[in-house]
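Letter by letter, the sequence shown follows residues 32 to 342 of the working numbering.
The set of hints was computed from the structure by calculation and includes no laboratory data. For clarity, every value in this text was computed on a predicted model and none was experimentally measured. Glycine is no exception: its CB is placed at the ideal position from the N, C-alpha and C atoms.
Below, a list of computed lysine-lysine pairs in the DSSO-like style, where the Cα atoms sit at most 30 Å apart: (1) Lys-227 with Lys-271; (2) Lys-335 with Lys-271; (3) Lys-227 with Lys-214; (4) Lys-214 with Lys-167; (5) Lys-167 with Lys-110.
Here are the simulated distance ranges between beta carbons: (6) Asn-141 with Asn-321: 16 to 26 Å; (7) Leu-64 with Ala-161: 41 to 51 Å; (8) Glu-330 with Val-66: 43 to 53 Å.
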Amino acid sequence: MRILLLGSIAYDNIMVFEGRFREHILPDQIHMLNVAFLVPDLRREYGGCAANIAYNLRMLGGEPVIMATVGEDADAYYKRLDGFGISRQHVCEVPGTYTAQAFITTDLDNNQITAFHPGAMDHSHLNHVAEAGDVKLAIIAPDGREGMLQHARELNAAGIPFLFDPGQGLPMFSGQELLGMVKLASYVAVNSYEGKMLEERIDESIEDLAAMVQALIVTRGGEGSQIHVAGQRLDIPCVKVDNIVDPTGCGDAYRAGLLYGIAGGMDWRATGQLASLMGALKIGSRGGQNHSATRAEIEALYLKHFDAQLG
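Assemble the whole structure, with the sequences as input and the hints as a guide.
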């Protein structure tokens, strides 16, 4: 099944400051802050929710269809997508813009100072769902504000079920707007923090929100995840790993497992287990797209951890 991924493509510029921010930021001088950090360690990672999900879906053998906007600096990303056999037919280049980019500085205490430039992402409304052709399932991941609202309406009008994943874009919307998108969606996925924020913004409990959709998924980091479906809650354990390196992109890997399971008609427990496994595979590598596994290796790991065949 072709799965439409509506979300961002981005570059993540990650810098490591070999000190501690607290030793260089004077509390009584915050009103006139002027600091500079020497960052000898710098790396550029390929990121963005749509691209990260596509990377993991491809690993599973799925057929991801990315619909996103990029800037004039996207050539390196084009080559990467081509190398993985991921279609960029519906990746729109916006003249005069940069591809969305995050600039993240991390200190020795794992504190982070992040600046995010949305660039071309703010033009995501230039893309229309109808252009994607025959798709039976979609996800709306964090993207430009107007694009997310528009794509929710277009998917609903086309009768295409979709997973609403507001993610870090959640603060952009009012409670009424969020409620509207939840009601248009078939599924909702949030982490535990976003779930609390969603409850507060909409003034409804997670259980009440779950009753509005076919399933509502809450990820809880090392405590696993919960799938609210048909008035019940399924507790999905976290797949334990020996080497925890970087959680960046784990949520996107998890969502790839969700989409694959939904598209393949797997039951919800099996779908959650696959999603959990995909997140665990990712956490052992830096960045959102540097882990790798063959389909056969994923099947073997699923059998090992859950004593069942991957459907």
